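**Student:** Residues per chain are reported as follows:
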Amino acid sequence: MRGGYTGRLMVVDLTRGEASVEDYREDFAADYLGGFGVNNRLFLEYSSPGTDALSPQNPVIFGAGPLVGTLVPGASRVMANARLPLTGAVASASGSMGLGANMKWSGLDHVVLVGRAPAPTLLYIEDGRVDLLPAASLWGTGILETTRSLRAAYPGASVMAIGPAGESGAHSSLAMIDACATLGRGGLAAVLGSKNLKALVVKGGGGVAIADPGRVQELVKGLHQRLENFDMREAAAELGMIGAWPMYASQLLPYGASEEDLRELTERFGPRAYLELKKCRISCPSCFLADKDELLLPSTGESVYSTSFLNAAIIGCALLMRDAEEAASTLALLDDLGLDFMTLSWQAAFLLELREHGFITEEDAEGIPLARGAAILRELALRVTERRGEIGEAFARGWRGALELFGEDKRRYTMLVRDQDCLYDPRVSGLGTMEFEQVVSPRGPTSASAGSATYVPGLPEERLCRLTARMGVGEQALGRIFSPPWGMNVGRLTRYSEDWFSLFSSLGICNRYQINRFYHAELVRDLYAAVTGVELEVGEMMDKAAAAWGLYRELNAREGLGSEADVPPEAWFDEQPLWGRGGHLRDYLGNELTREDILTLIGDYHDERGRKHG
Amino acid sequence: MIHVSEKCTGCLTCALVCSLSHHEQCSPSLAYVRLHADGSRWRAEFTPDCDECGRCARYCPYGALEKEN
Ligand code: SF4
Ligand code: SF4
Ligand code: SF4
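Those sequence lines, one after another, are chains A and B. If you read the first sequence in the numbering used here, its first letter stands for residue 1, the second for the next number, and so on. If you read the second sequence in the numbering used here, its first letter stands for residue 1001, the second for the next number, and so on.
Chain B with its partners taken away, still in its complex shape (with noise of 0.2 Å):
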């Protein structure tokens, strides 16, 4: 289960990186990680398709999606 910290700043790299590797493009309505802004902080949420191959997170700029076990 991978989740979201306090450290995301909303920059979809992790969506936008998802997107490329599953459908050859960069969208974020085509990601298996959604991100929704809540106040001013952003929840993450991963559809049933995400087969957790953990780019995300790799790509996440900010260290702020984590893996929890």
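Chain A on its own, in the form it takes in the complex (with noise of 0.2 Å):
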């Protein structure tokens, strides 16, 4: 391996406190690419179906792709994989700011974590070596002051803990890395807690080896012209994601909501509302438009990392919190829990739901406000968190034990897919490959895979045309895409927007897409080719990371989550409102769909997906 890759991965044995460090099949590499991929085949080797997500026999595996560690603009994502106890799901979540970079110039390109520990552990790795730390005194502390702590301990190394969700289990729990980036929506953090790994930190003092310095940066310095062309360059730099504000609101907006209703959230939650909190941005290392934040809480004084402000503004919109500090506040105590906020938020409506409409009130509900607010999500967190009370104790076992406790036919006021919530209404937004992905997903919904230019809405279909072809799909494919009676068919479409995931998170660069317009994939040819060495082409790359997602769905339908599993939600199909959300179902383009036609674009997803890229 001549660039890009270390060849070496990591096992670690949590139940006998072992570590070894040995080089992987070069094979895996030049199948799947690395990252996500290489994780796949990985773990296929490490685990055996039907293993229970929370057994020590449920392996952790942790990768960074070859561009990790480099000057790539955004390659910085690091890849976990492992079977979740939300869905039983074997997921490769997604995660980003140092922890892939310190891993790489560690001399490591995956981790593999097997067994449990007999006590709270911290694992630190420093290049290539390895300690097991008692961690008893870290145990119940929050993911903020955990990492503060860590990082004074560490100077220099990034860490990626647990809070006290995923300490008790709670399958709506999620690690977070370096305070500011979530990994493993789905109860990851719960699968490292029944391990008894409180956090892993790693430091990296050596380097990536590239194979052409000189193309690597001419190639990034092309990026970073493109990027002083980009239009929106200022208000992204300035705002972030909520730069784009104007495309988030109409989606964030409550069903029937007014103009001004529009404009009194956007007097919440909106650029401005946001100015007044930021203290600075923060940025993974080689990200050339960052958006996640520290932002100081005007009345406490207190500084807290932010994900991004947009998803305070997304839970400050769902449950009309009153203003952006209290959003905020709110989406860094559940950070802090290691929660996941959509989910928890997600439960908190559907509570809201049931008492609207006469199965519960304030006095089952053991307490919790059952008012639009904070408060009902705070409370919420904090006894799923603890598991007190019943619907605490319910909820922390995730929409199962939710559906368990008020009755499965509560299931109509839910959107779920494979017992996880979605995140997408398509009611609203219109069907494009994120919210089709919801369906067809093997993880269930989620907001990493499957991006494309339907992110965007209201784009004419010629230019989605346009740039779909640059994700490196090819003529026919495209004729089978853009062709009636659909004009875009989302189905066979997101069969190539998960490969372009697919090869993003194999090769380790950020899939948002405020990072991934700024690429094509002649372009990750070439980068791929300049740091590693190996030239392929287009058809070549694209086959192979269409070959790691056909490793993902297999890893599935061996735990039983095949393609029986890709059911939409009913109350897609119900124009009531739900969550705050309602319409009728309708594609990226405005036409409005059946069931039939949902059930049809699936099969054209399967039949896509059974072809090679061309």
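Just so you know, these hints were derived from the structure itself, not from any lab. On a predicted model such as this, the values are computed, not experimentally measured, just so you know. C-beta atoms are modelled at their ideal positions from N, C-alpha and C, and glycine is treated no differently.
Simulated crosslink set (EDC-like; lysine to aspartate or glutamate; CA at most 20 Å straight-line): (1) A:Lys221 with B:Glu1052; (2) A:Lys221 with B:Glu1066; (3) B:Lys1007 with A:Glu294; (4) A:Lys279 with B:Asp1038; (5) A:Lys279 with A:Asp323; (6) A:Lys410 with A:Glu570; (7) A:Lys278 with B:Asp1038; (8) B:Lys1007 with A:Glu276; (9) A:Lys279 with B:Glu1006.
Now the in silico label distances, taken between C-beta atoms and shown as ranges: (10) B:Ser1005 with A:Leu133: 33 to 41 Å; (11) A:Arg388 with B:Lys1067: 52 to 60 Å; (12) B:Ser1005 with A:Glu302: 24 to 32 Å; (13) B:Thr1047 with A:Leu275: 31 to 39 Å; (14) B:Ser1005 with A:His606: 49 to 57 Å; (15) A:Pro246 with B:Lys1067: 32 to 40 Å; (16) B:His1003 with A:Asn591: 52 to 60 Å; (17) B:Lys1067 with A:Ser299: 36 to 44 Å; (18) A:Phe573 with B:Asp1038: 54 to 62 Å; (19) B:His1003 with A:Ser303: 19 to 27 Å; (20) A:Gly560 with B:Thr1047: 55 to 63 Å; (21) B:Ser1005 with A:Leu523: 28 to 36 Å; (22) B:Thr1047 with A:Arg2: 24 to 32 Å; (23) B:His1003 with A:Gly7: 35 to 43 Å.
Assemble the dimeric complex from its two separately framed chains, guided by the hints.
**Tutor:** The structure is reproduced here in structure tokens:
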């Protein structure tokens, strides 16, 4: 292996307290590129089907692709594979900040964790050496304080930590990297908690070898040039993701909201409100359009990190919170506990639906305030974390627990696929690839995979087609996607959006829209060649990305989560408002869709997935 | 003399391009510019090996490295 890859992985047996560093098979990287792809291949190697998510036998595998740790813009991604408790799916979760880069500078492409430590433990890796240290004093501590104290103890290191929600095994828990990047929606923190692993701290003092340094600098310079010419650059630099507020606002508004409501929510959570809290922007290694923040909460003088202020705006709008500070501090509480803010928000919205339809009263809610606002979310988060009361205990077991408590017939007040809540409602935003992906993704709905040009609403068909070609989609496939009767067949397009995500996550580039919009398939091929010395045709490269995704589906099919689990939620076919959203199901171009249409599109997705690139 | 402004986000691009051009690898430890977190601000320190080639400043995506006269 010439450049980019270290060729090594570390296996840590937490039960025995032993670790070893070994070379992994070169054909794994040759077949599946790295990161996401090789993680899937290693998972096949280290796991057995049917293993319970919280059993010591469930491995957790971290992977950083060949571009991670280099100056390629946004090449910061770390992937973590494990079977997760919320859905039982094998997930390959995507995170950012400094963990992946430090793994690479430490001489490792992958870290495999197996077993269960006998007591709370901190795993420290520095330049390929490893220490398993007692962490009893950190157990019960929030993620922010854990991260701050470990960073003070290990300057320059990256810290991935779990919070109290992961320690107590909540299925909606996730881990945080450097306190401002999430990792593992669906209970990765519960898996780590079941292994008694409080934190993973990695510090790399080495480097990533580069096959052709001059060519890498040239290509990166070109990318920086593209950024210079980007007309939204100023707004993005100043405001991060909230710079595109008008685009997001239309999707965050409650169902039936008026112009006046829009003005009101813009006032509370829009750009101006953000600037009042913004302290400084935080970047992942190599990112040229950072979107993470340190925020200052004026009423307490407290400083908190945020994965992105947009997430505070999302919960603020969903639960009609008072102002940006209330939303930001609530998000910070959930991040600190290590809970998925989306699942918790929708669980709060579910309780509100049950109250509205007369199934529960304030009394049944065991003192959880049944009104929109921050209080319901904060209270629910604490109860889930502590597994307190009937509701806290049930909701800590995710949606399955919630439906066991209130009855399976209440499923109609949810929007779930594979027992995980949908993040996007196609009745609001139209059925783009991210909306459709929620049905066919092997791990259930996430915000990560299947991004495409449909992320931006209202683009005309020709523009969509051009932007799709940029993702390495060949002429014939474009012909199948952009054809009658759909104009744009989202089932077929989603297959290539997944492959695009697979490519980025295997190489290690961030797939957020603001980053990936600057890339195209030929450029990715050239960067891969310049870093690694391996020259590939675009088609070959995309076939490897597709093979990595195929393996992902296979890992889930052997858990009984194959294509039979690709079932859209009932709420999509019901115009009634749910969780503050509603309307008629329609495609990206605005045409109304029926249940039969969705089944046809799922069939088209599988048909397209069965084909080679081209 | 190059100095780092409050626009710095800690992205390390400066260190990665420096080590790449001088050592053919991306390694903040080998770079002649070192970034240190100082509360929520970043401090840059240049080692005696820095030849003032200016690459770090040219590649800084946030315009945070400025030449002082
Ligand atoms: S866009 Fe955000 S998550 Fe992606 S690399 Fe940049 S700072 Fe990190
Ligand atoms: S001026 Fe040149 S040598 Fe000095 S730190 Fe910057 S890139 Fe390195
Ligand atoms: S490249 Fe610029 S923004 Fe990034 S760490 Fe260096 S000085 Fe800071």
